[in-house]
Amino acid sequence: MKRRGKQTLELSNRPWINAGAAIVGKKEGEGPLGACFDRVVDDELNGQSTFEKAELQFYMDAIGTCLEKAAVKPENIQFLLGGDLLNQIICASFSARALGVPFIGLYGACSTMAESLCLGGMLVDGGYAGHTLCVASSHFCTAERQYRFPLEFGSQRTPTAQWTVTGAGATLVSDQPGRQPMARIARVCMGRVVDLGVKDANNMGAAMAPAACDTLCALFDDTQTGPGDYDLVLTGDLGQVGSELLLELMVQNGHKLDERRYTDCGLEIFDREAQDMHAGGSGCGCSASVLNGRYLPLLQKGDLRRVLFMATGALLSPTSSMQGESIPGIAHAVVLETWR
Amino acid sequence: MNRQKVNIDPTRYQTMLEQASPNSKLGQGLLRAFWVGGVICMLGQAVADVGVRVLDMTAPAASTLASIVLVFLTALLTGLGVFDKLGQYAGGGTFVPITGFANAMVSPALEFRREGLVLGLGAKLFTIAGPVLVYGIGASVLAGVVFLILGV
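Taken in sequence, the protein lines are chains S and C.
Using my numbering, you'd call the opening residue of the first sequence number 1 and step up by one each time.
Using my numbering, you'd call the opening residue of the second sequence number 1001 and step up by one each time.
A portion of the hints provided could be inaccurate.
Unchecked claim - If you anchor each label on the Cβ, the simulated ranges turn out as follows:
1. S/Gln176 / C/Gly1130: 50 to 60 Å
2. C/Tyr1089 / S/Lys199: 24 to 34 Å
3. S/Met1 / C/Arg1012: 32 to 42 Å
Said to hold, decoys possible - Among the chain S residues that face chain C by a calculated CB cut under 7 Å, a handful are:
4. Arg145
5. Gln146
6. Glu152
7. Phe153
8. Pro159
9. Leu196
10. Ala201
11. Asn202
12. Ala206
13. Val241
14. Glu244
15. Leu247
16. Ala274
17. Ser320
18. Ser321
19. Gly324
Worth flagging that the hints you see were computed from the coordinates, not collected in a lab.
Beta carbons are placed, not taken as given, at the ideal position from N, Cα and C, and that holds for glycine.
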C-alpha cells in the first residue's frame, strides 16, 4: 500500500538520488557554504545579455553538471520536472526546449525543489520513469524586477525581508543505483495550501510557517514518527522569522522540534550579519542549491542518515498583493535516507 | 485515521508574528535620514546661493538650477549603481527630496531598457513616479479651482 495516513506516500521501491548539482551567484559563493557548490558565477549576467537569459544559463549549467556527474544522457531521461519564479516559468520551459525531454512545468514558488522531488520520486517509484530530473532556480535580479522594484531603485528593505538567492539546483532521481549514489527517497508528503491572513509581502517567512507546520504534522502523524526519528529537519527558506514561528507552532501542536537538529536553508546560505541579509535567503534556488550542494553530499557520506527536507512557498502574486489579498503558503516534504 | 486539524488560531498567530518579527531600528533610521537628507538639501541650497551671488541669476532661476544639479547627480549615481546603496542606508533621507523622484525615473529606465525602447523603457518609465505626477498635478488643479472660487 503506497498511501500512509491522510497525506503521506511510502515510496517502497526507494528511488535513488544518483547525482545533484548546485550553481550559484557571487553573494552565495561568498557566504558560509561557498565551498559546497559546484560552481560560483561572479557575473550576475552570467555572460548573457539579460538577467532572464542569465538565469536560464544557471539552470542549464546545473542540469549539465548533474548529468555529467551521473554519466546519464538527456535522451535517457523520461521526465524533466522543473520550475522557477519567473512569469510563465520561462526558465524551466526554455531549458526543456534545449534538452528535448518530456517536460512537466511546476510552480510552487520557493517550494518547487521539494515539489519536483516528491513528484519525481513518485514517477520513478511507480515504474513510470527510469530517470527523472528535478530542477529549480531563482535569480535575485529577475525576481526583483518582476516582483518588486527596479534594481537601482533606492528603497529600504525591512528587517523581515529576505534576499532572493541567485542559484540553481538539479537532482537526478533513478530506479537503479548509479556509479556514485547519494541518497534514497523513502517517503513524500505533498502539502495543502494554508493561509492565516498574513498580508505583508515583506514577511514571507511568517506567511509560510503555518503551511510548514501543517505538512510536518501531517507527515509525523501519518507515519507515527517524531522529530527524534530524523537526523535533521531541513526547511527551505523560512528565514529568521519563519523558523522562529515554526518552532513555536510545532510546540503548540505537540511535535516539538529539536533545535540542534533543525535548520533552514535560508539561514545557512548567507552570513546574515556580514552580508546584510536581514531575515535570510529565499527563492527556489535557495533550497535547491543548499540541498544539492551541502546536504546530499552529507547523506552520501553517511554523516546524516535520515533528513526530512521540506521546502515552503508563498503563493502570492504582485496582483493579489495589490488587491489586498493575504498570502497563502504551501510546504512539501521529502524523507531522504542515506544510500549506504 | 482521523487527523486533527492543525491547531493554529489566526488571531493568536498574528500576535506571535508581531513578537517574532524584528522592527526597524527607528532611532538609527531617523538619524540617518535626517543627516543625509539634510546634506542633500544643503547642497541644493549651496547651488542656489552660487546661482544668485556668483552667476547673477534670479531666485526662481537659481532654485531651478539647484533642482537640475540634484537631479543630474542622482541620475549619475543611479547609473553608476551607487544610489541604491545610499538609499538603503538613508531611507527617507534620499527618498523625500527631489533625489527620490529622479531615482524613481532613472531606475526603471535603466531596468526596462532590455525590453526595448518603446514597450520597455518608454512604457515603464513612470511605473514608480507615476502616482506622484498623477496625484500631485491632480491636487494642484483642485487647489487652483478652490482658490478661484474663493477669489484668492
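Structure-based check of each hint:
no., hint, result
1, S/Gln176 / C/Gly1130: 50 to 60 Å, "58 Å, holds"
2, C/Tyr1089 / S/Lys199: 24 to 34 Å, "28 Å, holds"
3, S/Met1 / C/Arg1012: 32 to 42 Å, "37 Å, holds"
4, Arg145, "6 Å, holds"
5, Gln146, "11 Å, violated"
6, Glu152, "4 Å, holds"
7, Phe153, "4 Å, holds"
8, Pro159, "4 Å, holds"
9, Leu196, "5 Å, holds"
10, Ala201, "13 Å, violated"
11, Asn202, "9 Å, violated"
12, Ala206, "5 Å, holds"
13, Val241, "5 Å, holds"
14, Glu244, "5 Å, holds"
15, Leu247, "10 Å, violated"
16, Ala274, "16 Å, violated"
17, Ser320, "18 Å, violated"
18, Ser321, "15 Å, violated"
19, Gly324, "16 Å, violated"
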